[in-house]
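Novice: Keeping their order, the protein sequence lines are chains W and E. Position one of the first sequence corresponds to residue 141 (the numbering used here), numbered consecutively onward. Position one of the second sequence corresponds to residue 137 (the numbering used here), numbered consecutively onward.
Just so you know, the hints here were simulated from the structure itself, not pulled from any lab data. A virtual CB, placed ideally from N, CA and C, is assigned to each residue, including glycine. Check before you lean on any hint, since a few could be wrong.
Not the full set, but computed from the structure, chain W residues with beta-carbon under 7 angstroms of chain E [unchecked claim]:
hint	residue
1	Phe174
2	Ser183
3	Leu184
4	Leu186
5	Thr189
6	Glu246
7	Ala247
8	Phe249
9	Gly250
10	Gln251
11	Gly252
The calculated DSSO-like cross-link candidates involving lysine-lysine, where the alpha carbons are at most 27 angstroms apart (straight line), are [to be verified]:
hint	chain 1	residue 1	chain 2	residue 2
12	E	Lys204	W	Lys181
13	E	Lys153	E	Lys192
14	E	Lys163	E	Lys153
15	W	Lys206	W	Lys181
16	E	Lys242	E	Lys192
17	W	Lys181	E	Lys163
18	W	Lys181	E	Lys153
19	E	Lys187	W	Lys181
20	W	Lys206	E	Lys242
21	E	Lys204	E	Lys174
22	E	Lys196	E	Lys172
23	W	Lys160	E	Lys174
24	W	Lys181	W	Lys204
25	E	Lys174	E	Lys192
26	E	Lys172	E	Lys204
27	E	Lys163	E	Lys204
28	E	Lys196	E	Lys242
29	E	Lys200	W	Lys181
30	E	Lys196	E	Lys153
31	E	Lys172	W	Lys181
32	E	Lys172	E	Lys192
33	E	Lys174	W	Lys181
34	E	Lys192	E	Lys163
35	W	Lys206	W	Lys195
36	E	Lys242	E	Lys174
37	E	Lys242	E	Lys200
38	W	Lys204	E	Lys200
39	E	Lys242	E	Lys187
40	E	Lys242	E	Lys163
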Amino acid sequence: GAVVSQHPSWVICKSGTSVKIECRSLDFQATTMFWYRQFPKQSLMLMATSNEGSKATYEQGVEKDKFLINHASLTLSTLTVTSAHPEDSSFYICSARDSGGSGRTEAFFGQGTRLTVV
Amino acid sequence: SQELEQSPQSLIVQEGKNLTINCTSSKTLYGLYWYKQKYGEGLIFLMMLQKGGEEKSHEKITAKLDEKKQQSSLHITASQPSHAGIYLCGARRLSNQAGTALIFGKGTTLSVSS
Chain W
141 GAVVSQHPSW VICKSGTSVK IECRSLDFQA TTMFWYRQFP KQSLMLMATS NEGSKATYEQ
201 GVEKDKFLIN HASLTLSTLT VTSAHPEDSS FYICSARDSG GSGRTEAFFG QGTRLTVV
Chain E
137 SQELEQSPQS LIVQEGKNLT INCTSSKTLY GLYWYKQKYG EGLIFLMMLQ KGGEEKSHEK
197 ITAKLDEKKQ QSSLHITASQ PSHAGIYLCG ARRLSNQAGT ALIFGKGTTL SVSS
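Hey, can you work out the whole structure from these sequences and the hints?
Specialist: Here it is, written out as structure tokens:
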């Protein structure tokens, strides 16, 4: 089955620093990837849509300068949390769909990244 | 915007019992997805339903989409401890675009006691 790999699985950083999270589709091409945020015991909230070769589309209320997204290739999207603060601590998870013409319509999810800002 | 309501919010069942989780939409669903999540981990794809009246099964889990395509149910037969986790229903945010993001319900936390 298709695999989406996220790295790192968890990270602790100091307040004010930046953290980069990678999302890779391992066995398919994904022109579009999605970034979600999940607070404890709550559902996934869509943050942004990452588009290969173009700017990401951010959801209302999500600061694009705070959460930088780069989708430089058909298999990699990165989310950088800039100048992180404790309130940015959360579980971040990406998903991707196979855009290579396989016919698979389900969205595959990475294993998520637990970010803790101290 | 489309919203998905899941019920119940949490559920505790005894091992071997059957259970049902519901997902209701305010709008017609075009692609309803069921995922399972262990807390703090990624989502595991279970099933996807598209047609009104569609029903799919995998092992002891059955998902249905009603004829009006506004409600889906997930039924687990003879629950086991391995079924414990958070069940999330998701739907395409834009009905006419297959590549769009999914929006999710708040999830149902299932605990199975042995």
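Novice: Evaluate each hint against the coordinates.
Specialist: Tested hints:
Annotation: interface hint on phenylalanine 174 of chain W holds; nearest CB of chain E at approximately 5 angstroms, less than 7 angstroms. The criterion of a C-beta within 7 angstroms of any C-beta in chain E is met by serine 183 of chain W, whose closest approach is roughly 4 angstroms, and the hint holds. About 5 angstroms separates the beta-carbon of leucine 184 of chain W from the nearest beta-carbon of chain E, less than 7 angstroms, and the hint is met. A cut of 7 angstroms between beta carbons decides the hint on leucine 186 of chain W: the least distance to chain E is about 5 angstroms, and the hint holds.
For threonine 189 of chain W, the suggested interface contact is upheld, since its CB lies about 6 angstroms from the closest CB of chain E, less than 7 angstroms. With 7 angstroms as the threshold, the beta carbon of glutamate 246 of chain W comes within range of chain E, its nearest partner Cβ sitting at about 5 angstroms, so the hint holds. A hinted interface residue such as alanine 247 of chain W counts as satisfied when its beta carbon comes closer than 7 angstroms to some beta carbon of chain E; here the least separation is about 6 angstroms, so the hint holds. With a least beta-carbon distance of about 4 angstroms to chain E, the hint placing phenylalanine 249 of chain W at the interface is held under the 7 angstroms criterion.
The interface hint given for glycine 250 of chain W holds, since its Cβ lies 6 angstroms from the closest Cβ of chain E, which is under the 7 angstroms cut-off. At its closest, the beta carbon of glutamine 251 of chain W sits 4 angstroms from a beta carbon of chain E; the interface hint therefore holds under the 7 angstroms criterion. With a cut of 7 angstroms, the hint placing glycine 252 of chain W at the interface with chain E holds, because the nearest CB-to-CB distance is about 5 angstroms. Note on lysine 204 of chain E and lysine 181 of chain W: the hinted pairing is violated, with a Cα-Cα distance of about 30 angstroms set against a maximum of 27 angstroms.
Our distance criterion of 27 angstroms between C-alpha atoms is met by lysine 153 of chain E and lysine 192 of chain E, whose separation comes to about 20 angstroms. A hinted pair counts as satisfied when its Cα atoms are at most 27 angstroms apart, and lysine 163 of chain E with lysine 153 of chain E does not qualify at roughly 32 angstroms. For the hint linking lysine 206 of chain W to lysine 181 of chain W, the alpha-carbon distance of about 24 angstroms falls within 27 angstroms, and the restraint holds. A distance of roughly 22 angstroms separates the Cα atoms of lysine 242 of chain E and lysine 192 of chain E; the hinted pair therefore holds under the 27 angstroms criterion.
A hinted pair counts as satisfied when its Cα atoms are at most 27 angstroms apart, and lysine 181 of chain W with lysine 163 of chain E qualifies at roughly 25 angstroms. Between lysine 181 of chain W and lysine 153 of chain E the CA atoms are separated by roughly 24 angstroms; this keeps the pair inside 27 angstroms, and the hint holds. Among the hinted pairs, lysine 187 of chain E with lysine 181 of chain W is inconsistent with the structure: their alpha-carbon atoms are about 31 angstroms apart, more than 27 angstroms. Restraint check: the Cα-Cα separation between lysine 206 of chain W and lysine 242 of chain E comes to about 25 angstroms, which is no more than 27 angstroms; the hinted pair holds.
The hinted pair formed by lysine 204 of chain E and lysine 174 of chain E fails the criterion: a straight-line CA distance of about 31 angstroms is larger than 27 angstroms. As the CA atoms of lysine 196 of chain E and lysine 172 of chain E are separated by approximately 14 angstroms, the hinted pair is consistent with the 27 angstroms bound. Among the hinted pairs, lysine 160 of chain W with lysine 174 of chain E is consistent with the structure: their alpha-carbon atoms are about 24 angstroms apart, no more than 27 angstroms. Only pairs whose Cα atoms come within 27 angstroms are accepted, and lysine 181 of chain W paired with lysine 204 of chain W is accepted, the gap being roughly 25 angstroms.
Restraint check: the Cα-Cα separation between lysine 174 of chain E and lysine 192 of chain E comes to about 22 angstroms, which is no more than 27 angstroms; the hinted pair holds. A threshold of 27 angstroms between alpha carbons decides the hint, and for lysine 172 of chain E with lysine 204 of chain E the separation of about 24 angstroms falls inside it, so the pair holds. Taking the CA atoms of lysine 163 of chain E and lysine 204 of chain E, the gap is about 10 angstroms. The hint holds against a cut of 27 angstroms. A threshold of 27 angstroms between alpha carbons decides the hint, and for lysine 196 of chain E with lysine 242 of chain E the separation of about 23 angstroms falls inside it, so the pair holds.
This hinted pair checks out: lysine 200 of chain E and lysine 181 of chain W have alpha carbons roughly 25 angstroms apart, not beyond 27 angstroms. Restraint check for lysine 196 of chain E and lysine 153 of chain E: satisfied, since their Cα atoms lie roughly 12 angstroms apart, inside the 27 angstroms limit. Pair hint lysine 172 of chain E plus lysine 181 of chain W holds up; C-alpha atoms about 14 angstroms apart against a cutoff of 27 angstroms. The hinted pair formed by lysine 172 of chain E and lysine 192 of chain E meets the criterion: a straight-line CA distance of about 16 angstroms does not exceed 27 angstroms.
Pair hint lysine 174 of chain E plus lysine 181 of chain W holds up; C-alpha atoms about 11 angstroms apart against a cutoff of 27 angstroms. Between lysine 192 of chain E and lysine 163 of chain E the CA atoms are separated by roughly 22 angstroms; this keeps the pair inside 27 angstroms, and the hint holds. For the hint linking lysine 206 of chain W to lysine 195 of chain W, the alpha-carbon distance of about 15 angstroms falls within 27 angstroms, and the restraint holds. Only pairs whose Cα atoms come within 27 angstroms are accepted, and lysine 242 of chain E paired with lysine 174 of chain E is accepted, the gap being roughly 14 angstroms.
The straight-line distance between the Cα atoms of lysine 242 of chain E and lysine 200 of chain E is roughly 19 angstroms, inside the 27 angstroms bound, and the hint therefore holds. In summary, the hint linking lysine 204 of chain W to lysine 200 of chain E is not supported, as the alpha carbons are separated by about 38 angstroms, beyond the 27 angstroms threshold. A threshold of 27 angstroms between alpha carbons decides the hint, and for lysine 242 of chain E with lysine 187 of chain E the separation of about 23 angstroms falls inside it, so the pair holds. Simply put, lysine 242 of chain E and lysine 163 of chain E have alpha-carbon atoms about 17 angstroms apart, close enough for the 27 angstroms limit, and the pair holds.
Checked against the numbered hints given earlier, this structure breaks hints 12, 14, 19, 21 and 38; the rest are met.
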